[in-house]
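Participant: In case you want the letters, here they are:
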Amino acid sequence: MNQVKKLLSIFTLVVILPISSLVFAGASDDPLLFMINIDRLEKRNGDEDPVVLEAEAWAGYDLHKLWIKTDVERIEGENEGVELQLLYSKAISPFWNLELGARHDFKPEPERNWGVIGFHGVAPYYFEIDTALFIGESGSSAWRFAAEYEFMLTQRWVLISELELNFYGKTDEQTKVGSGLANTELGLRLAYEFRREFAPYIGVSWENKYGKTADFAKDEGESTSDTQFVVGIHVWF
Amino acid sequence: MKPIITPIASLTQTSFSRRRFVTGFSAGSLALGLGVNSSLSFGSTPIRSSPKILKGNQFDLSIGYQKVNFTGRERTATTVNGSLPAPVLRWKEGERVTLRVKNNLAHDSSIHWHGMILPSNMDGVPGLSFDGIKPGDTYEYQFDVNQSGTYWYHSHSGFQEQTGVYGAIVIDPKNSDPVDYDRDHVVVLSDWTDEVPERIYAKLKKRSHYYNFRERTVGDLARDIKEKGVKATWRDRQMWNNMRMSESDIADVTGYTYTFLMNGMTPEDGWRALFNKGESVRLRFVNAAAMTIFDVRIPGLKMTVVASDGQNIEPVSVDEFRIGVAETYDVVVEPSTENAYTIFAQSIDRSGYTRGVLTPDPRWDAEIPPMDYVPTLVHRDMGMAHGGHSQDVNAHSVDHSQHAAMNHTIDHSRHGGMDHSQMHSGTSPIDHSKMDHSMNHGGLQLGKAGFGTNSEIEHAKTEYGPHVDMRAEMMQNGINDPGIGLRDHQQRYGRKVLTYADIRNLTPNLDTREPEREIQLHLTGNMNRYMWSMNGIKFADAEPLQLKYGERVRIVLVNDTMMTHPVHLHGVWTEVETNEPNYIPRKHTVMVHPGSSISYLVTADAKGKWAYHCHLLYHMPGMMREVWIS
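Protein sequences appear in the order of chains L and G.
Sequential numbering from 33 applies to the first sequence in the working numbering.
Sequential numbering from 31 applies to the second sequence in the working numbering.
Among the hints, a few may not be true.
[Said to hold, decoys possible] Subject to a maximum C-alpha distance of 25 Å in a straight line, what follows is the list of computed PhoX-like cross-link-like pairs (lysine-lysine):
| id | chain 1 | residue 1 | chain 2 | residue 2 |
| --- | --- | --- | --- | --- |
| 1 | G | K236 | L | K122 |
| 2 | L | K244 | L | K202 |
| 3 | G | K235 | L | K122 |
| 4 | G | K578 | G | K639 |
| 5 | L | K122 | G | K491 |
Because the hints were derived from the structure by calculation, they are not lab data.
All chains should be built: construct the whole structure from the sequences, respecting the hints.
Facilitator: This is the structure in structure tokens:
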């Protein structure tokens, strides 16, 4: 976890310090802003007491931002999966940003490093897309595609549907992923926006493993398909 | 220390005393404010008054902090002389006024005299006219008042307009007033928020629809499908879904955070304006809001509009008018019965309203009408040709597709400089080819003065990129358009709504020359990223717009966004081309509807550096230009 601390201290320097002097800077059209978005912090049902955190933070300007994205999965109080990305994002079209940077997987072990080329934006019909190609050491590669669509039921009740797909270029025996489509996650969450910045939700998440990845899971005695009920909060500021 | 407003005993049964205004104000100011024997005062009845009126030609104004409470929570406003709105300044045409403005804030400040024709170093724009007023410093403004009518003043620093630095200016004419009235009232409309303006701006950058609680829901979709069928609904939704824009995006900042004020009073309190039966009452409306365009009416009374942006116009009788941020309108009403009337000002998106009571008796209240239906944008507002019948509303709309077919010889080589205009040094001698998309078609081909441009609408290369999300393909002429949400008020409610086409200057044009050239300026932005610009170039990167001293030029504003932008040119008049060649109205702020264009003439008769910008406070930092007249 030393690396996490190091990254966090970089983040503090980059993000927190400049904004403290910025608040009353006046009417600059493109002030340095920062945002922390806990997209989801949720408890899932199951004997192993799973907790999932997906969060991101950025500091930057209209067209250029520095991002930190993290995915953490805890099972029985232990970090099962911990992933951290540090990205530079540049706006390339009205609705799309190119993201370049690095990803480090702290868990599962052994730790893995990846280079990241991604696109993040809003597609026609308001699909929010976050997709990235990851280039790992010794020729490994991965591709992730995440799409989200929000159904506004009312001005406060929002049904959020999400699909995530993970592909790998080659099998990694140590981290237990197989080449090709490894897993999918389909989520449906019903949120109530008490404020724009604060929305608790309940929902359901359906996870599936495929191919070699499924085989690895079976070998470990794990299931290859999981349906979990979730309860969590979405907070940003 | 007492609040400025002393609740009247007979009114305490109502909610009037529930909300306070400017708290911690000296008790004497009430007496002072009303003691001035002016036609703006209310006689001896102590009522919820307008701000204090300062008369004469020497003024001491002090910008400072003031505790206020408009929502039940105490907040700190920035005010002039402790008053929100600032005191009314009443001047006399032909006099020289001296205004010593002391800045008691911890930040730089300034005062801009909005609509005043004056030397550029008196215009009060930090960085252009002067350096601004440093904390603790005093700046002495001095200029000759060569005009009359209703104007206003406000800070041009930071977001201080949002937090209270604004007030009205009334200038009595040197000669007899062409407007006949028995008494007048200033009506300052504004929007108050408990939030810090910088926070609002940051929120809009993070989530541009943060304040919009009229978003399209699944229920709306179901209703559409039920009414129109799946196919038609799919077709209707296609443009919005492809553009990734919201048809309900009428106002960026809404009643969700705003409390709309009339003369510094909430709608609950209801500002009182007195009249005696049979009197002609002149109401001097000033829209001093940061972000809110208002639609104004007085149910039961016809309003005769007699002045627009301070300038006398041929009286025109209406039931309703839209007042853009920074515009002023003077109307005369003649209540013939002993009744109380509601002065009703609803925000353009109908997320809230403010109101006052025009009444012979301050204890009376009047019925508050419901707000009108919530407007949504249609295809024409997005500059799209395929909008069903809706784009035919304007009979006079300029059909640019026809002009394209007329084989205009546009010399594109002259535009050579526009794509990289920001790379040129601004100090070079005037070279029109380097200006923002300046179009020199040669005098012969320009539209006649008063009738607007007949040139093609062209999008500069700088309009393409991540900072601009829309370019209108099909332009409407905004002159005849009452604007979003008002277009069917005649049919629906039988209300005559003012349009710019109705405005005819009272006196003939002072400058009868034809324009020598045209400058086309596109209002551009990216709603989702909350970025604003002109011709796709934001203020920080833009070259000044250079005008030759004395020249007569036409500026064509083209709105390539989905918002209504009130655009203000400092220093010189904007003469709006309403198809009336001899009585062209003179304005200082002109609303440009979404997907529309507006042409106006400018006589560059004031040397100096002037600001030119959208007056929506959170658009202004980006959607702004310097104009250099030399």
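Participant: Which hint numbers does the structure go against, in order from smallest to largest?
Facilitator: No numbers; nothing is violated.
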